[in-house]
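Assemble the dimeric complex from its two separately framed chains, guided by the hints.
Going down the list, the sequences are from chains E and Z.
Here the first sequence is numbered in the working numbering, starting from 22 and rising by one per residue.
Here the second sequence is numbered in the working numbering, starting from 75 and rising by one per residue.
It is possible that part of the hints are untrue.
[Stated by the list, open to error] Here chain Z is said to cover these stretches of chain E; the calculated rule only asks that three of the stretch's residues, wherever they fall, bring their Cβ under 8 Å from a Cβ of chain Z:
| hint | region |
| --- | --- |
| 1 | 233-241 |
| 2 | 246-259 |
[Stated by the list, open to error] Pulled a few chain Z residues facing chain E out of the computed Cβ check, cut under 8 Å:
| hint | residue |
| --- | --- |
| 3 | L378 |
| 4 | D397 |
| 5 | V398 |
| 6 | P399 |
| 7 | I402 |
| 8 | A415 |
| 9 | E416 |
| 10 | G417 |
| 11 | I419 |
| 12 | D421 |
| 13 | E426 |
| 14 | L430 |
| 15 | I433 |
| 16 | S439 |
| 17 | V443 |
These are calculated hints, taken from the structure and not from any lab test.
Note that beta-carbon positions come from the ideal geometry of N, C-alpha and C, so glycine has one too.
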Amino acid sequence: MRFERRDHPSRLVTVLAPIGAILAALVVAGVLIAIAGANPFRAYALILKGAFGSRLGFSETLTRATPLILTGLAAAVAFRARLWNIGGEGQFYLGALAVPALGMIPAFAALPGPMVMVACLVVGAVAGMILLLIPLGLRLKFGVDEVVTTLLLNFVAVLFVSLMIEGVLKDPLAFGWPQSVPVPDHAVLPKLMDRSRLHAGLLIAVGMAIFVWWLQSRTVFGMRARAAGLSPRAAAFAGVPLGRTLIAVACLSGGLAGLAGAIEVMGVKGYVTTDLSPSYGYSGIVIAMLANLNPIGVIAAALFSAVMFVGADSMSRALSIPSYIADVTVALSLLTMLVAIFLAQYRVRR
Amino acid sequence: MTRVLELSGITKRFGHVTANEDVSLHLDRGEIVALLGENGAGKTTLMSILFGHYTADEGHVRVEGQDLPPGKSRAAIRAGVGMVHQHFALAPNLTVLDNVMTGTEPLWKLRSNRAAGRRKLVELSQTFGLKVDPDARVSELSVGECQRVEILKALYNDARILILDEPTAVLTAQEAESLFATLRQMTSNGLSLIFISHKLHEVMSASDRVVVLRHGRVVAERRTAETNKEELAELMVGRKVERPARPPATPGKVLLEGIDLSLSGKGGASLHGISFRLRAGETLGIIGVSGNGQTTLAGLVSGLYAPDGGTLLVDGQPVQVHDVPHAIAAGIGRIPEDRNAEGTIGDMATWENTVLERIWSPAFSSRGVVRRGAARAATQAIIDRYDVRGASVDGRIRLLSGGNMQKLILGRVLEAGPDILVAAQPSRGLDEGAIAGVHERLLEARGRGAGVLLISEDLDEVVALSDRICAIVNGRLSPAIPPERANAQLLGLMMAGDWTAAAAIEAEASHAV
Chain E
22 MRFERRDHPS RLVTVLAPIG AILAALVVAG VLIAIAGANP FRAYALILKG
72 AFGSRLGFSE TLTRATPLIL TGLAAAVAFR ARLWNIGGEG QFYLGALAVP
122 ALGMIPAFAA LPGPMVMVAC LVVGAVAGMI LLLIPLGLRL KFGVDEVVTT
172 LLLNFVAVLF VSLMIEGVLK DPLAFGWPQS VPVPDHAVLP KLMDRSRLHA
222 GLLIAVGMAI FVWWLQSRTV FGMRARAAGL SPRAAAFAGV PLGRTLIAVA
272 CLSGGLAGLA GAIEVMGVKG YVTTDLSPSY GYSGIVIAML ANLNPIGVIA
322 AALFSAVMFV GADSMSRALS IPSYIADVTV ALSLLTMLVA IFLAQYRVRR
Chain Z
75 MTRVLELSGI TKRFGHVTAN EDVSLHLDRG EIVALLGENG AGKTTLMSIL
125 FGHYTADEGH VRVEGQDLPP GKSRAAIRAG VGMVHQHFAL APNLTVLDNV
175 MTGTEPLWKL RSNRAAGRRK LVELSQTFGL KVDPDARVSE LSVGECQRVE
225 ILKALYNDAR ILILDEPTAV LTAQEAESLF ATLRQMTSNG LSLIFISHKL
275 HEVMSASDRV VVLRHGRVVA ERRTAETNKE ELAELMVGRK VERPARPPAT
325 PGKVLLEGID LSLSGKGGAS LHGISFRLRA GETLGIIGVS GNGQTTLAGL
375 VSGLYAPDGG TLLVDGQPVQ VHDVPHAIAA GIGRIPEDRN AEGTIGDMAT
425 WENTVLERIW SPAFSSRGVV RRGAARAATQ AIIDRYDVRG ASVDGRIRLL
475 SGGNMQKLIL GRVLEAGPDI LVAAQPSRGL DEGAIAGVHE RLLEARGRGA
525 GVLLISEDLD EVVALSDRIC AIVNGRLSPA IPPERANAQL LGLMMAGDWT
575 AAAAIEAEAS HAV
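In isolation and in its complexed conformation, chain Z is listed as follows (with noise of 0.2 Å):
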């Protein structure tokens, strides 16, 4: 096998602290190596660095046998590198040919050479099962779409090594699915590729062989067939890392009831008559491709919106008035789907995003004005009891990391008590031990008599932590399992909206128990 990439003792420090140490790996043609490691173990800092965007302060980077100048990202893209990021960089105004040939004609020439352009697309899109409609406009693409397009771009620019940043961040299951098919078929033509991840599902499934950093350090290096999913996590955390096991429930009076529940339009996708109960001391587990209605019925629950059609019972009460402070007042906690868009206000102090949803309480202001003293403790008492790292009450809270803000959402909620807890993918993009944290927190709420309204795409934790499992396809809840009898393919037939196929395999398997 011919080596194509070697990282040799590179080491980068941003002032005080060193983001990578020492840190040497090689790719061969035709291989998919995984970099797993926690957040902020330095795997994006490295990639920066073989890309480009940062100069290491030590060591250096060979491709295809030559030394790569450090810090010129045009250099490495003509010596072959291409890197996906995490986000995407795509004009969403353009097209998808105009997007992919951005950059790759000199300025000053006065026409582009479109048509040399597209067969080069065309071809590109063919060999590598990369399906995508050249002329289509990116705004109108899907997630997945603008990732295939992003991947093209950095095929287009002749790329034989490719590097993915956390490439299923945003896809859904199926997708990252797909995605990884592709790959597969990318190292059949001879191309080597990198990709990132802390997802160690993915990199079991998808690499021949992962690299572990953690502390900017490479911790241990492995041929994928001779490791397994307990050992890679242990080495990426540094120590056994469990999940919580889910104790027997016992289920209470019913506190949330949705009753043939509809609401079109609002927020992404419509929701046709949903009916559901939740009890004290259960979790309700909803699974389901993302854009099928979940961001819709968090949100309902959660008052952000007020059904057409239906009623919400709360304690056997209909809900009178959908809106954010009854919904808390009587006694919702909510965990919002998106930490940072939705969750928190990243240039307000962590105090303030500490208390601004309940700031009407006598608690936290009297007569219009803020106690200022009440909700600066409260919030100290938070990042205390919460192990908040790196939070300071005045600090702004986009200084946070994903798992401390997740801590911080979670106390700010669970602090008041709630007898429901609607929580939408709490665990999304956390690492391992920030994902046991998270589950923990939702077994001690639902321990404590609330119940626990979990919609999440991450089957894993839905069945880990459910009582009672649904799928939502089309705004529409199937029938409830038990996670007991949960598989991959029950699961996926229900997630399909299959659900008599689902029923009469449920059936079968609850004649085997």
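Same shape as in the complex, but just chain E (with noise of 0.2 Å):
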């Protein structure tokens, strides 16, 4: 048996292989719902009713989807151009926490409401590209791999949030708690829905998969961003900037990061704790991946695994198996995609 590398990927096959990877990956994921002791179809019935169900279960699927779009963008743009940003954890806690932090400028109080939100979800992103160009230069400067540092800098980050949120960002009405100062009145989304957390937050995220598409797909940057990360040699000859086409890669996957932790920190939660996110910058790589770095397909990509977390929730309730099982299907999918994007570019010949 031998792989060959297809010619022409068609179009179908590149549709098909990540629904394809998600069917595999619940069948795998329901063997094991069987092992617990549940039945998979029935459990699979619950998810679904528990994501879309009802008026809240829905509300909440698109809540939990929004941040994961960001993520998922940021790390679809980096590895587009062969940027390996495994650091979208470090940068979407980096950027919540610049949203208090700016209210405590008082500056920034006076500001008209509208201009505080701007500010705040600009700042956010701004965090967020800061903590990807440290180990981009490192890389550009002396060859340190950005695997390692972007990795490494999420445990940074994190404790960097735990000092603040412990030290001078300390709510000091928070009963000792260990969480920021809120936001700045003026800097709350507004919601979508009411009795519900939905917030315009989903709004950016879908406009930035839009823009995203269109940066990739139409523009100079976007050709030039996808050169570099192909073939740096070819690209160099053909007079692409490598470095600061990777600087410009980099602000825009650490932006979106970035964003990503302001938005949850001024759409959902209004504070900062260094539980707000539920790894949402490492599923934001599952999700790039299940999307294969197409800024549309992530919208799909975040549903899918948001409509897992949160009907698992409600499947577990009804079944008492553990909710896990959400984590395990999602990480699955990402498994199976590998397997499915090799198949749709290589065909097995005997």
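Rendered as structure tokens:
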């Protein structure tokens, strides 16, 4: 048996690959559910019902998908240019922390409402950018592998957040709980639905996905970024400024992850704690892969992931099996997607 | 003579494509057979069948009278068939000895018998004149030495029949010559060889017998002594090919001038005080053994590097900013040395590859947004005008053959109407038909008044196309000679760096003329 590269991976195969991958992941996870003592079909039905069956469930699913779309985009744009940003989690947290930090500055509090909101979003994005520009600088200057540095900076960032919310940013009214001061009043994102947590951040996330799609497929920057990722040598010969292109990609990627953090804290929680993110940053990597790095696909992959997490909670209550099954399914879908990407590009020959 | 290898009636199809059809050939002991054919004629497929990488649809292979089971490389190795691939399969972080011994001992053996392995390797290397240090790391070896290791690897497995797939594709002329001397010696030790090639001169100088393959069939078989280059070229291509002749030059004003250019380190060899002048309507040919600064010089003129010292003048104006967009805007067209690694990005579409280097021009983008319609139309025009076969505007460029890829590169460069053309190894790895096409385009550009800087290791090419010839040696440029006075001895001395001797010969030749 051998593998041969397909000359023309058909559009159909490219679209079917992620669907097949998710089905395969569901089958394998179904076996695990059966071992845990429940009927897999019933479990999946309950997951769907939990995620879509009620107004509350539906709004929760979309709320959950919002940061995932943004961290998924962050990973997708970076990976396209072969910039391995594994630091979405840390960038998410710094982006979130930037919002209450900005609120501490009196001059900002005096600004008109809409400007406060925009300023908070921008500062969150910039915080994420800075955290990714450090490892990129190390790579460009000294050739340090950014997989390692971005990954390790996640821990640095979370510990830094911890330090801040135990220190200068600590909320004096929180009865000693380690949480930050609340975000400025004007920075709280408007709700999209009454009596739910769903907020305007969803629109920003979807808007960013469309913007990134346009950027990648229609602009000079997008073409250069892809060229730089696929073949640095040929890109340099064609006059693509490699360093500058990668810096721009890093700003976009880190900015999106930082924006995800800012939006989450402005839309859902209102203050920063160290459990703000159930690893949104890492999930973004899985989502980007599931979407085959396609920005529009990221929306679908983020929804899948959100459905699993929200639905699994209610499923686990009904069937009394652990809700970790959602983590397992999403993780399995990454593995099956990697296989599917391979099979979409290669054909098996005997 | 004993027959050591016989292929009879081999047919192999891939889907609708027939790669080999009813191919039969044989090899006698101590013989060197050249398998000649253009790219895509089915040479490599045939040898892969012999070696068990592919299974033939019809026909069979016999080694020393025994049928070889199809599709089993291991059986081929055991029967004494060794293959040296065009692209080396060596682990660069291991030593020569490790590389040679890998796969020869069972995995579960706890101790590898390195002493015996070393003895055998040294003995082989002496018997066959393949000099190499068993303890050197492969990453430190030159390309020629890597090839020797590959051959030794095959011999270590007791190969009696050796197949070499385009063995000279990556070698310099000198290395190729010494390789062929080695091969000769190997046959006198009882080995039998098949080498695959599309280069006529090496087939003529190194083989006993030539089998010509075209479109997957054997079209002719000749004893090398009884044929000539012209006949073989015609057999290989299927029609008479003639490389275009160079009309007399009408040099105009100086378009490109280098004054005392130096550059250290970047991209390989350094340049030390290079000065040259390139006029409109002429071709300046630069020859030399690879690694003497050609790549650096081409990169410098192409805008990839800035010089450490000296000045580059384009159209009489010193170049201020050394980068690619400025070079292109100044009218420099660039044909890169390595089509696959530098000239194109395999996984991008043909249209993207066509416009990427000019994407900043208003023709292809406005305000940062790519003008896809215009870019696609321009690409389609190039595909049509330059006869790029097998290309579609949206298809990935990696699907193109080398010759068609080069046509596309020529197209994207020449459509911009450059005043100066830097052509680095423009016909490397191409077959006869494609080479003639490239030469025609280069002469056309010269005829329309462009200055062509031709950097090539192919001496025939340089002599045929150039109006003046220099050699580059250790980053220095020799005085130029006219091509009429070029002969093997003179060019050899120039490339060796013995310019005083070269000047003496040239003076003599000019008296004679």
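Against the structure, the hints:
1. 233-241: holds (count 3)
2. 246-259: holds (count 10)
3. L378: With a closest approach of 7 Å, the L378 (chain Z) hint holds.
4. D397: D397 (chain Z) check passes; min Cβ-Cβ to chain E is 7 Å, inside 8 Å.
5. V398: 3 Å, holds
6. P399: 5 Å, holds
7. I402: 7 Å, holds
8. A415: With Cβ-Cβ at 6 Å, under 8 Å, it holds.
9. E416: It holds, given that the least Cβ distance between E416 (chain Z) and chain E is near 5 Å, below 8 Å.
10. G417: 7 Å, holds
11. I419: Nearest chain E Cβ about 5 Å off; hint holds.
12. D421: With Cβ-Cβ at 5 Å, under 8 Å, it holds.
13. E426: 6 Å, holds
14. L430: Nearest chain E Cβ about 4 Å off; hint holds.
15. I433: Since the shortest Cβ distance to chain E is 5 Å, the answer is holds.
16. S439: Check passed: Cβ of S439 (chain Z) comes within 5 Å of chain E, closer than 8 Å.
17. V443: This interface hint holds because 5 Å falls under the 8 Å limit.
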